[in-house]
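Taken in sequence, the protein lines are chains A and B.
Quick note, the first sequence lines up with residues 1 to 241 if you use my numbering.
Quick note, the second sequence lines up with residues 242 to 432 if you use my numbering.
These aren't lab readings, by the way, just hints derived from the structure by calculation.
All values reported here derive from a predicted model rather than from experimental measurement.
You can take every hint at face value.
With a Cα cut of at most 25 angstroms, we get these calculated DSS-like pairs of lysine-lysine:
id, chain 1, residue 1, chain 2, residue 2
1, A, Lys208, A, Lys14
2, A, Lys200, B, Lys274
3, A, Lys202, A, Lys14
4, B, Lys274, A, Lys202
5, A, Lys61, A, Lys121
6, B, Lys367, B, Lys243
7, B, Lys398, A, Lys200
8, B, Lys398, B, Lys275
9, B, Lys367, B, Lys302
In case you want the letters, here they are:
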Amino acid sequence: MNNCTERIYNGLVKENPTFVLMLGMCPTLAVTTSAVNGVGMGLSTTVVLVLSNMLISMLRKIIPDSVRMPAFIVVVASFVTIVQFLLQGFVPSLYDSLGLYIPLIVVNCIILGRAESYASKNPVLPSIFDGIGMGLGFTVGLAAIGMVRELIGTGAVFGQQILPLADAAAGKGGYVPVTIFILPPGAFLVLAFLVALQNKAKINAAKKGKKAVGSTGCQEGCASCGNSACVGKIFPTGNEK
Amino acid sequence: MKELLIIAIGSALVNNVVLSQFLGICPFLGVSKKVDTAAGMGGAVVFVITIASFVTGLIYKFILSPLGFEYLQTIVFILIIAALVQFVEMFLKKAMPPLYNALGVYLPLITTNCAVLGVALTNVQKEYNILQGVIYGIGTSIGFLIAIVIMAGIREKIEYNDISESFQGTPIVLVTATLMAIAFCGFSGLI
Numbered sequence: 001m002n003n004c005t006e007r008i009y010n011g012l013v014k015e016n017p018t019f020v021l022m023l024g025m026c027p028t029l030a031v032t033t034s035a036v037n038g039v040g041m042g043l044s045t046t047v048v049l050v051l052s053n054m055l056i057s058m059l060r061k062i063i064p065d066s067v068r069m070p071a072f073i074v075v076v077a078s079f080v081t082i083v084q085f086l087l088q089g090f091v092p093s094l095y096d097s098l099g100l101y102i103p104l105i106v107v108n109c110i111i112l113g114r115a116e117s118y119a120s121k122n123p124v125l126p127s128i129f130d131g132i133g134m135g136l137g138f139t140v141g142l143a144a145i146g147m148v149r150e151l152i153g154t155g156a157v158f159g160q161q162i163l164p165l166a167d168a169a170a171g172k173g174g175y176v177p178v179t180i181f182i183l184p185p186g187a188f189l190v191l192a193f194l195v196a197l198q199n200k201a202k203i204n205a206a207k208k209g210k211k212a213v214g215s216t217g218c219q220e221g222c223a224s225c226g227n228s229a230c231v232g233k234i235f236p237t238g239n240e241k
Numbered sequence: 242m243k244e245l246l247i248i249a250i251g252s253a254l255v256n257n258v259v260l261s262q263f264l265g266i267c268p269f270l271g272v273s274k275k276v277d278t279a280a281g282m283g284g285a286v287v288f289v290i291t292i293a294s295f296v297t298g299l300i301y302k303f304i305l306s307p308l309g310f311e312y313l314q315t316i317v318f319i320l321i322i323a324a325l326v327q328f329v330e331m332f333l334k335k336a337m338p339p340l341y342n343a344l345g346v347y348l349p350l351i352t353t354n355c356a357v358l359g360v361a362l363t364n365v366q367k368e369y370n371i372l373q374g375v376i377y378g379i380g381t382s383i384g385f386l387i388a389i390v391i392m393a394g395i396r397e398k399i400e401y402n403d404i405s406e407s408f409q410g411t412p413i414v415l416v417t418a419t420l421m422a423i424a425f426c427g428f429s430g431l432i
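Isolated chain A (complex conformation) (with noise of 0.2 angstroms):
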């Protein structure tokens, strides 16, 4: 169980998808108006991401090598497609301020990659603490964007009023809400300063001669990473180099 307990750490801190490895901005940024949306998105991208890795683990001797990646998409595609109906169906206040973003879990690069890098790999068991691990530490890294968000956007943080607001019909001071931060720019704004504080924190250690942890994350996004599942071609053409 030792290899479990590692493999949940390792998402969640050592190869965090959201500050460490700069995966999955898409929803990241797009869906963190609130801390209750950034654990929604959170979740149904962990169960999405547990049961692939589940499935691809268990098919990973029968998937021929050639399609591996149209076989992923499938998999993945049809448990996006399971969890869009459940939260249509049981929560459906999430499901509306999410919209378009469920179904775009397909694309999501930690998916496809945890299961290129990690589940056509390893064992079930492994595989699946994996997807627990990655998908814990995508949702609190969606969480703590999302609180900073809202606090600063409306002063509350799961909906609950922290900072009383000025009221000057009532002549009554307080806190006065900065709406651009639950606007689009206030997502770049924060994931911005929430990296700043990453990069500080990795230089001190590096100044203090210890080895900066992460230092393998790709800075610049999927495009740029070698990570094959985010760059790679879907069906194999045959005439690669």
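We have chain A; now place chain B onto it with these hints.
This is chain B only, laid out in the frame that chain A set:
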């Protein structure tokens, strides 16, 4: 005609795909170091989204909808897009080598660009017909082209600036994106 114009302008500027819908962030951050490559990527995206919104529109209208298989749309669309990208790549290689040399490198990257799937799904969600869907696709992808080229232009300029150590790399790019997003908020009164 007026309605189509509103769809085109609305998708290109007002609801810009990158800066207000957050689709296609990965190439926006990853392939925006030089104006040339950014324009190449943008061109490839325009090409693929236009074709993809047409093909997925046809398939939805004439195959999925009459048979009652609407719930399969996510699975079917992603496979169509993946196959289409590779088909376009092979076709360009044979038929138009100059265009292939300009766009070829970026084509495989587009499959995982969520803007393509996003456009296909939005067309269904908003119940656009095929013409409206294609116009929406063209508008969205031109919005992507505008955003990524502007971003690349700014990044070429800030490359030589003295940026505080912890903001180098991704953070300063994200701050730039913030300012661009604020500027694009100004378009919201346009329609």
